[in-house]
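Please build the complex by placing chain S on the supplied structure of chain D, with the hints as guidance.
Respectively, the protein sequence lines represent chains D and S. Here the numbering used here is used: the first residue of the first sequence is 1, the next is one more, and so on. Here the numbering used here is used: the first residue of the second sequence is 1, the next is one more, and so on.
Read the hints as simulated data drawn from the structure, not as lab findings. Mixed in with the good hints there might be a few duds.
[Claimed, not checked] Partner residues aside, some chain S positions facing chain D, computed with beta carbon under 7 Å:
| # | residue |
| --- | --- |
| 1 | 184 |
| 2 | 189 |
| 3 | 192 |
| 4 | 195 |
| 5 | 196 |
| 6 | 197 |
| 7 | 198 |
| 8 | 199 |
| 9 | 205 |
| 10 | 207 |
Values in this document were obtained by computation on a predicted structure and should not be read as measured data. C-beta: ideal position from N, C-alpha, C; glycine also.
Single-letter residue listing:
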Amino acid sequence: MKQGAPHTVDNEQTSDSPLRGLSVPVSGTADANQAASTVFDIKDLSVFYGDFRAVRDVTLTIRQLEVTAFIGPSGCGKTTVLRCLNRMNDFIESARIEGSVLYHDVDLYDPAVNATEVRRRIGMVFQKPNPFPKSIYDNVAYGPRLLGTRSKSELDGIVEESLRGAALWAEVKDRLKQSGTGLSGGQQQRLCIARAIAVQPEVILMDEPCSALDPIATARIEDLMTEIKQKYTIVIVTHNMQQAARVSDRTAFFTTEINLQGDRRTGRLVEFDETRKIFSMPSDERTEAYVTGRFG
Amino acid sequence: MTTGNVRITLADLRGNARRRRKEQRMKATFFAAAGVSVVIGGLILFVLTRGAIQFLRQIDFGQLKDSGWFPRRDRFDLTTLLVASVIMGLIAMVVAVPVGLGTAIYLSEYAKPRVRSVIKPIIEVLAGIPSVVVGYFALRFIQPEIVERLFDPRSNKSMLAGGLGIGILVIPIMASISEDALRAVPHPLREASYGVGARKSTTTAKIVLPAAVSGLVAAFVIAVSRAIGETMVATMAGGPDGSGPFSRNPLEGGLTLTAAMTNAAGGTDQAVKGASFNALFFLGLVLFLLTMVLNLIGDRFVQRVRMKY
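Just chain D, with the same shape it has in the complex:
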């Protein structure tokens, strides 16, 4: 951990998660459901674009080494909330939030917080695979190089570990110098996952990571998710309810409602619970209507 970082992260957390070397397990891997500590504590979050309130009343906690899924119809604000978790909404000029997003008890929107530092700890995988127009190797080494890793052997090690971690190593180990954009869609998305885990984040945010992929590539990414949740806390936005049911431990269901102006829809959180409860006996009838396919 860098000295003088603008905010301090829970010490227990940082000392347990090594900066390098994917093979070192993080403590608390086993039985994560019970022992999990809170990573994000979101309270009464609303996100505005200018005057328009895109999503409101989001209160939920995201726990360590769990997969949390955000589901709901289009426009319900699930991606908007996800992008608050690593300050990715900063790039939208008019976006602002109300409420609070605590990351290990540190307010992510505190003026002293540097969004760059946040994103080094909270990585992201995007809807459309977006490898850099660079070689496969340089794609993965991009983040570690930013963090100052220069040694060739060290970078080689990180690249291999990360590609193995993303289940891509076997397919690309003989063509690391070729462009990442030449891979298939599913391989590109796994490359993006490798790129994200190469900086050893604590959390990986996934914004509909499979929506651009065919079923086989999707299955591989899902397998990968269940594998890497041993080491990373994952938050995934998905349109695919089966996917949420398959991969997540907890699910947040969002929906839309006509807002006060009546012209645009505001998203809101309806229910947040263990995934099996959401899909078997949800407590809100809107959730039930959605997961049983009667709505959305």
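Chain S only, in chain D's frame:
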């Protein structure tokens, strides 16, 4: 729905002959439009080459190497002109590349929409300023107020003033084409970079600029071509009228290819068939080849370094 006997003959599927002919005519029209540029280009090259050959017949090759460009004394030293063109072009690019590229990066990566909506039109207006105005500005402001104040004045015109003027003229082109190239880089690439904790400056330097390299080189090549081809500023502020000695001192005047051509075209008291008039075509051809070579080099460079996104 028709059931039973469906009879389709070839005639049914052939369609309306008149429409087909009309489609053909449209295609021919658009082809002709595209062909006009090619024909004009060919025509220019033909006229230039014809005149250049005539010129080369009229003179001894030795005359192409007598120092200085004095058409009336039959001294046609190409080096004198090339050196002046290159010096002014270099000075212009030293101004235009950093300012133009910097402007483009600012507008594309940093400026808020509102700021951008103010600066962008200003640059477009700057691009529309007639070169004669910039030439006057270079002659009456840059030369006396800047060049002569900072350096020992040797003449009332200088390649430095001309070059700076041309640079000003080229900034908007450099800025505008570069900005288009930068904005064409898909936003998800930037997000991917931010997503692993890169700062904006890092993202610009490591991701956006390399991804936009083909457009940036195009901007550079067009800007250089424009700088070398710029006539008005070079003539007004850059150098002597019609003829001049060899010089590689930017504080002295220098005659560029283009300035020499303007004067040749002006004709002065020369017979229209004379060598000094035909020199116009020869210089035109040299200029033409120069920009073509620049374009080819640019293309080759782009092929080498470009990575597709």
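Quick check: which numbered hints come out false for this structure?
1 and 9
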